[in-house]
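Asks: Following the hints, position chain B against chain A.
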Amino acid sequence: MGKYSELLYDDIGTSYERKNKYLLELARLQKRLTQNDSQAAELIKKHKSNKKVHPYNVALKAFKKEEANFLKTLNAKKKVYSNEIKSKNDRKSLQMKVQLFDANEKIKFYEAYTNLSYEAKLAYEASKIISNQLPEIIETYEVNRNRLAEVNEQLKNVSGDAESKANASYNEYKSQQNANLKEQKIALKEKRRSRLISEKALKNGIVALKRTRKDELGQKKFESISYSLKEEKANLKFVLSKGIKRERNVLKSNISDLRRKTPIEIERTSPFVSKLTAVLPGLGQFLNKQYLKAILFTLATLFIYVIAIPYALGFGNYQGQGIAGLISLAEGGPKVAKSLIFMIEGIVAILLLVFAVSLFLLSYFDVRKVEKDLIKGTRQRNWFETITKIKQDGFPYLVSLPALMVIIFIVIVPIMTTILLSFTGMDPKHQSKFTWVGIDNYKLIATGTGLAGSVFWSILGWTLIWTLTATTLAILVGFLLAIIANNDRIKGKTFFRVVYLLPWAVPAFITIMFFSIMFSADGSITQLIEKIFRVHLEVKNDPFLARVTLILLQTWLGSSYVFLLSTGVLQAIPGDLYEAAQIDGATEWQKLKRITLPIVLFQTAPLLVGQYTFNFNNFSIIYLFNSGGPFNPSKYGNLAGTTDLLISYIYKLTMENQYQSIGAAITIVISAGLMIFAFIGFKNSKAFKEERL
Amino acid sequence: MVKTKRKEKLYLSDKQPLSFMGVIMLILSYIVLGLWALAIILPLIDMIVSAFNGRQQQYIMLNSNFEFSLRHFDYLFNETLYFSWVKNTIFIALTTAVLTLIIVSFTGFAYSRYRFKGRKPSLMAIMLIQTIPAFAGITAYYTMHSVISSIAPFFSRQMMLILIYAGGGIASNTFILKGYIDSISTELDDAARMDGCSSMQVYRLIIMPIARPMLAIIALWSFIGPFMDYLLPRVLLTSPESYTLAAGLFTLINDFRTLNQPAFAAGGLLTAVPIVALFIVLQKQLVSGLSQGSVKG
Chain A
-16 MGKYSELLYD
-6 DIGTSYERKN
4 KYLLELARLQ
14 KRLTQNDSQA
24 AELIKKHKSN
34 KKVHPYNVAL
44 KAFKKEEANF
54 LKTLNAKKKV
64 YSNEIKSKND
74 RKSLQMKVQL
84 FDANEKIKFY
94 EAYTNLSYEA
104 KLAYEASKII
114 SNQLPEIIET
124 YEVNRNRLAE
134 VNEQLKNVSG
144 DAESKANASY
154 NEYKSQQNAN
164 LKEQKIALKE
174 KRRSRLISEK
184 ALKNGIVALK
194 RTRKDELGQK
204 KFESISYSLK
214 EEKANLKFVL
224 SKGIKRERNV
234 LKSNISDLRR
244 KTPIEIERTS
254 PFVSKLTAVL
264 PGLGQFLNKQ
274 YLKAILFTLA
284 TLFIYVIAIP
294 YALGFGNYQG
304 QGIAGLISLA
314 EGGPKVAKSL
324 IFMIEGIVAI
334 LLLVFAVSLF
344 LLSYFDVRKV
354 EKDLIKGTRQ
364 RNWFETITKI
374 KQDGFPYLVS
384 LPALMVIIFI
394 VIVPIMTTIL
404 LSFTGMDPKH
414 QSKFTWVGID
424 NYKLIATGTG
434 LAGSVFWSIL
444 GWTLIWTLTA
454 TTLAILVGFL
464 LAIIANNDRI
474 KGKTFFRVVY
484 LLPWAVPAFI
494 TIMFFSIMFS
504 ADGSITQLIE
514 KIFRVHLEVK
524 NDPFLARVTL
534 ILLQTWLGSS
544 YVFLLSTGVL
554 QAIPGDLYEA
564 AQIDGATEWQ
574 KLKRITLPIV
584 LFQTAPLLVG
594 QYTFNFNNFS
604 IIYLFNSGGP
614 FNPSKYGNLA
624 GTTDLLISYI
634 YKLTMENQYQ
644 SIGAAITIVI
654 SAGLMIFAFI
664 GFKNSKAFKE
674 ERL
Chain B
5 MVKTKRKEKL
15 YLSDKQPLSF
25 MGVIMLILSY
35 IVLGLWALAI
45 ILPLIDMIVS
55 AFNGRQQQYI
65 MLNSNFEFSL
75 RHFDYLFNET
85 LYFSWVKNTI
95 FIALTTAVLT
105 LIIVSFTGFA
115 YSRYRFKGRK
125 PSLMAIMLIQ
135 TIPAFAGITA
145 YYTMHSVISS
155 IAPFFSRQMM
165 LILIYAGGGI
175 ASNTFILKGY
185 IDSISTELDD
195 AARMDGCSSM
205 QVYRLIIMPI
215 ARPMLAIIAL
225 WSFIGPFMDY
235 LLPRVLLTSP
245 ESYTLAAGLF
255 TLINDFRTLN
265 QPAFAAGGLL
275 TAVPIVALFI
285 VLQKQLVSGL
295 SQGSVKG
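Sequences listed follow chains A and B, in order. Following the numbering used here, the numbering of the first sequence begins with -16 at its first residue and continues without gaps. Following the numbering used here, the numbering of the second sequence begins with 5 at its first residue and continues without gaps.
Isolated chain A (complex conformation) (with noise of 0.2 Å):
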């Protein structure tokens, strides 16, 4: 059995006497229950059975009655009262006049019976409130409605013959101020000439004579009937709509603050409605009186019954079988059918699922929160409140939605589908149909057999080389040209920075395919050697040549950009510092060892680690250089050349031979790898720690 306070809360905490005698009485005697009175109980059974003639009720039950009668001929008299008044009115005004008419009557009838229940107390005070503000509303309206049409009446009126004597005049005043503000910068710029203001003066004069003169056209201009008038029609509109509404919203307001603080008396003492309608979102809130989110979970309801729901199930599949999909892969299904397309449609559909188990929940736990508050004695939000709190809390969300939809079809499905197609056995000779195999894959590529797998610890090796060695390089390189630069003694800065911006901003494509040009069998690069050395050097055929040809081009290619950082973190190292080293008796060395290094090491670093993860996964250098070549089967296989990374390697397996299931596994391997370090150095990073919360 449900147990009563004494009192009510808000949702502030304060509190409230109980108004329903009936429920008073009742908490009076289980707290006595609860001091081990002996007769509590007796006198519980008694009070409840006695629930239907207790006064209290009687009267409240009268009190409905009447209530309802009242309402009944509230209606009918507000009919009335609109009919007799129609003529006279717009809708607006209309609408405004009979909710006063309403709140007027209102006021007379729940003023005896404020102090039998809060309901009869709210209504009161609600049309207390109209009462009080809605005629000052419906009297700035009616004045500014008044005042449009004479305006409009004025602006038919408007004779041809003053407006073009208007016109005229303003012209007129127009050329004079054009004349005036000529002779100004005149004597303005004769000041700056000799020297009397600066330059910065000079330009601020200018913009506040060109601001005089704008405003006392501008005031001219009102000279004109027809121009003043149409203003005053625009303003006359701005405030017959917008205005009219604040002023409306303000009262709605008023009325919110009134219901936060008239608690309610209900005699429910569990929140089993939330429990009863969980499976059913929006019934529960229409039971609460919230019929805004009840319309709101209504299509939420409806988004999981037609959609989620039947779509897991297999309906409306594109060609899968919703979740049965996932484990059946299409197996003895119709030629036409994909195992791949059944993977993905799964997916989707477990997605699906997830968000319709969210929104149970979040209807679930909306509904049992407002319920607890009620029977805590804190009023539900009205519509509009409900309203003004979306707007504010649920801004976030809102605006974010587009941003989680792309991210979920970019990113979560395609991912999740790669995560499981690495558990599959996807090659050449199983296109359309393949099945599940476990962790096969993995196995291959951590014993380093199969086809597939037995070159990927090789190519690993090569991967890490030529990310710590190219990267390492154009680091050093970089960094080494932006302290050179930065010398003082140096001319020609200007010229040097835009030459080596030049690898960065020439589209990197570009640049290696010309380079893979230039390193061909008679490429120019080739010719040129061969004329100076006498050697003929086949860059592309030999794998060690390539390698170092790669690791150097993209020196070449990466030094430019930490050069361009270097240099910018460089000149905001202010002077002082090594001023003071001087003094200190500092050598060049000592003063580039414990000044320059670390501030730019400590400001460039996130950006220097950014670059051996852009190696690692620098897919078009390696492709387009060479395509991985030179090819060596004895030792690669015939799917990899000697240069490829493991990126171009899952390209090559993936997209050129469709060996789909082992290159997911290796970029699962690769990508978990790559987010342990990122997650590492973003969780120490400066900026994720001093985010403000």
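Please note: incorrect hints may appear among the correct ones.
[Unchecked claim] Restraint-style ranges between C-beta atoms, simulated for each label pair:
#1 A:S441 - B:D18: 51 to 61 Å
#2 A:V233 - B:I214: 22 to 32 Å
#3 B:I214 - A:R472: 35 to 45 Å
#4 A:L285 - B:Y118: 38 to 48 Å
#5 A:T123 - B:M232: 53 to 63 Å
#6 A:G201 - B:D199: 18 to 28 Å
#7 A:G568 - B:I106: 50 to 60 Å
#8 B:F158 - A:S224: 37 to 47 Å
#9 A:K574 - B:V90: 46 to 56 Å
#10 B:I106 - A:Q414: 37 to 47 Å
#11 B:G200 - A:A217: 13 to 23 Å
#12 A:N365 - B:M232: 47 to 57 Å
No lab work stands behind these hints: they were computed from the structure. Idealized CB from N, CA, C, for every residue including glycine.
Replies: Structure of chain B alone, referenced to chain A:
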């Protein structure tokens, strides 16, 4: 007479006079800088020269003589689909930039100004997801596109590409913009709210105008991205008519049927010039935008 001679010899610089070693070091510095500048410029000059050299045949050679001609540009414009590649690239780049701006300006604002449930975990999650290389999901993109386009035929492969570019940039750009908006005083918001602005109005009238420099950088980066990328267009776009510049120009040096290296040089030159100009003009802003996003890692 003697006096003036002395004056000429007066050392006026506020730097210390150079020692002998100093002079050598300075000369060395110039040599290093000059050599590196040459290493950068020479290949690029070779590209420019080849593009204009009428003597170059299908393959670019070193020893052929120079004769100025626009033959290769002519070939590029008339024999290849260069213009449709340019058109495709600009379309993709523009749409990507606009889409990224719309999405990111909202999320950056929300993450900077609101303390909502799940804020920090979601921030962390998108930062981690970000590290997964874009083509991890490429097998799925392929199939997803075929499914969607069979239901909605207007959904072209280029649109898929745009979505991938925009989606891939959401996380890092949100983070960059959030950092920038964090630096805008919240007192401005409070003042605006006191004057009756709604959240949307604060976003539109207060935050967006102030954050415009960073928005411009984000737009620029998202615009340049499709010009630089080769992998995704190559995989997703199947017909030469729908290629972007990177994928299209590669056919000029990779495919034996269409091989023409000088024409590639010409096309590369035409593509590079506007981008390089943009980079040189906006050098400072681009670099500062980079370091602002340094947390990206």
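Asks: Broken hints, numbered, in rising order?
Replies: Hint check: 4 fails alone, others pass.
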